[in-house]
Amino acid sequence: MTDSKTENLRRIAVDPVTRVEGHGKITLLLDDANHVHEARFHIVEFRGFEKFIQGRPYWEVPYFVQRLCGICPVSHHLAAAKAVDQLVGVDQVTPTTEKLRRLLHFGQTLQSHALHFFHLSSPDLLFGFGSNLEHRNIVGVIEDFPDLALKGVRLRKYGQQVIEVISGKRIHGAATVPGGMNKALTIEERDRLLTDISDVLSWAEDAVALNEKIHMGHPENHGFGSFKSNYLSMVGGDGALELYHGGLRASRPDGSNIFDQFDYRGYTDKIREEVRSWSYMKFPYLTELGRDDGWYRVGPLARVNNCDFISTPLAEAARQRFKAFAGGGFVHDTLAYHWARMIEALHCAESIRDLLNDPDILGTDLVVKGEKREEGIGVIEAPRGTLFHHYKVNEDGTIKKANLIVSTTSNNQAMNESVRSVANEYLDGNEITEGLLNHLEVAIRAYDPCLSCATHALGKMPLEIELLDSSGEAVDRVAKGSNGSITRTL
Amino acid sequence: MSIPKVLIFGYGNPGRGDDALGPLFISEIEKLGLADVECQTDMQLQVEHVMDMQGRDIVLFVDADMSCREPFEICEISPEQDSSYSSHAMTPQALLHSYSNVLNESPPTTFLLRVRGERFELGDELSAIARSHLEMALQQLEPLCRDVCVDSWLKFKGAG
Chain U
1393 MTDSKTENLR
1403 RIAVDPVTRV
1413 EGHGKITLLL
1423 DDANHVHEAR
1433 FHIVEFRGFE
1443 KFIQGRPYWE
1453 VPYFVQRLCG
1463 ICPVSHHLAA
1473 AKAVDQLVGV
1483 DQVTPTTEKL
1493 RRLLHFGQTL
1503 QSHALHFFHL
1513 SSPDLLFGFG
1523 SNLEHRNIVG
1533 VIEDFPDLAL
1543 KGVRLRKYGQ
1553 QVIEVISGKR
1563 IHGAATVPGG
1573 MNKALTIEER
1583 DRLLTDISDV
1593 LSWAEDAVAL
1603 NEKIHMGHPE
1613 NHGFGSFKSN
1623 YLSMVGGDGA
1633 LELYHGGLRA
1643 SRPDGSNIFD
1653 QFDYRGYTDK
1663 IREEVRSWSY
1673 MKFPYLTELG
1683 RDDGWYRVGP
1693 LARVNNCDFI
1703 STPLAEAARQ
1713 RFKAFAGGGF
1723 VHDTLAYHWA
1733 RMIEALHCAE
1743 SIRDLLNDPD
1753 ILGTDLVVKG
1763 EKREEGIGVI
1773 EAPRGTLFHH
1783 YKVNEDGTIK
1793 KANLIVSTTS
1803 NNQAMNESVR
1813 SVANEYLDGN
1823 EITEGLLNHL
1833 EVAIRAYDPC
1843 LSCATHALGK
1853 MPLEIELLDS
1863 SGEAVDRVAK
1873 GSNGSITRTL
Chain E
35 MSIPKVLIFG
45 YGNPGRGDDA
55 LGPLFISEIE
65 KLGLADVECQ
75 TDMQLQVEHV
85 MDMQGRDIVL
95 FVDADMSCRE
105 PFEICEISPE
115 QDSSYSSHAM
125 TPQALLHSYS
135 NVLNESPPTT
145 FLLRVRGERF
155 ELGDELSAIA
165 RSHLEMALQQ
175 LEPLCRDVCV
185 DSWLKFKGAG
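If you read the sequences in order, they're chains U and E. One gets the working numbering by counting positions in the first sequence from 1 and adding 1392 to each. One gets the working numbering by counting positions in the second sequence from 1 and adding 34 to each.
Check each hint, because a few of them may be wrong.
With a straight-line Cα cutoff of 27 Å, these simulated DSSO-like cross-link-like pairs (lysine-lysine) come out [claimed, not checked]:
| # | chain 1 | residue 1 | chain 2 | residue 2 |
| --- | --- | --- | --- | --- |
| 1 | E | LYS65 | U | LYS1575 |
| 2 | U | LYS1543 | E | LYS39 |
| 3 | E | LYS39 | U | LYS1561 |
| 4 | E | LYS39 | U | LYS1549 |
| 5 | E | LYS65 | U | LYS1561 |
Quick caveat, the hints were computed from the structure, so don't treat them as lab data. Keep in mind the model is a prediction, meaning the values are calculated, not measured.
Build out the structure end to end from the sequences listed, making use of the hints.
Quick look at the structure:
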């Protein structure tokens, strides 16, 4: 929708309190009948990525981009590394390098998914959205489900150990080099990671079972912030769930393909990015369907919906139960993101076990060389969805042009749709209620948007909601502090 | 092998100007090679860091801050609940809160050193003023970092 069409709409805005604190901002445009006509979810931190990268030597880029995000530095590192492989003329790395990179990526995805479920979304799911806010948080989970919280911490810790072993450092490690990996895995390192893998698998299985139980047991939540959408993800050449490397598959809501096995190096033919005046974030859409209809969802829900199967048995069994829930079709429930996320976590745990037991993982043939090229495109399925890194280099090897499409950007329109849907259901008159605020938060959390691609900040995520009438006058404004306090500020 | 009694944990994003103050403080302390001190860094605090705190007598978190007094402030901190809508990053106080709940024991005596920063944009270099604040913090805190006695830390009155 163009901005010109939004005249005479009232607006509710969720504003950041300060830039440094890491935040989102939501604006709801209301029509004269008090319906939410449009939702705008702003994330102001996504500016400056490309500028940050331009001018740097290409071989440094995989290290610099780790600084883009405190949550998924490994995903940026690997996407950039894949692009740099192309810049040095390498289309196929060695088997050991590919497996080490996959191991690193599974470790990252496991720890990211564990953090999201156990420490971010589980309070909503276990206690219900309308429950006491004082208790509906991770501390409440720990109090009521101490075992669950500890499992979450340990799953997260295990994923971090995988990253540390492969990268050599806990953060900002030197995992990759152009065309390969920096160091081989030792037998001692492999054995150390194998020590806990049985527990990790068991915890991941428990998490899937819990999510199945929660989702199936709460039919009232199935429509929450939900809608039918297109989906985009990578899949393997055989249609398997694929997190590291594959072809792009885009599907319609009924499951039919818009395109399939598309070489991501041609992504600009299939995806365009719209700029809107009110947001620093771009709005990607599928060229074939156009700006209005071509938006899509990425991430766990897209991937588990899109794939034909999962290559590891426990996760595949879980996927089949997931599909059966929707009668074999796509699951469009927004809160099913959580369920799909845990299916992927289980797949990561199984894959880590399999890779650690694969003799190739201890190989020492790590680097391939080729003829330099001027352009490289790396795509990876980051925890939150498809991540694109695209670079062009000058003759001296410095980056001339960079384009990144991060997962949260791809989910931009979808998050707006979920927020709009929830707001329409829970906005009552001209008053912003705590209930509305809580439900908006739950909808946003389902997508796990990365709001901290910025400084670590103060760790706090305050929110402010403002209601503007059709003339632009504020009629209500509510701020939620990071201590949970709700303050009416108008 | 027993773990070092003191954990010094600097956090922040080195790619965002003065946000690098925490990790930079750590890299300087690390050079001292103190036997009873373990140094760690991360981009931001997360719940798994409770495991790093376990078994310590003293924990010092080091952070960049644009609201503290110049050049730095140091204080003992207590557990505090954080009800932010995202837990993508935790405060040290919230981490202490999680510590006792996850591990069912009291957290170690914990301090927060906040070093004043001014510029936090992506791609910024460390500002000159932040560098001077860092140097002052290092100068005054280095003797303390060599001390594993909790009482010494509790009695410390820094420049903040």
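Mind checking the alpha carbons of LYS39/E and LYS1561/U for me, to see if they're no more than 27 Å apart?
-> At roughly 22 Å apart (the allowed maximum being 27 Å), LYS1561/U and LYS39/E satisfy the hint.
Does the structure keep LYS39/E and LYS1549/U at a Cα separation of 27 Å or less?
-> 21 Å, holds
Holds or violated: are the alpha carbons of LYS65/E and LYS1561/U at most 27 Å from each other?
-> 17 Å, holds
Pair hint LYS65/E and LYS1575/U, alpha-carbon separation not exceeding 27 Å = 25 Å, holds
Distance restraint between LYS1543/U and LYS39/E, which requires alpha-carbon spacing of 27 Å or less = Given that 27 Å is the threshold and the Cα spacing comes to 26 Å, the pair holds.
When each numbered hint is compared with the structure, no violation occurs for any of them.
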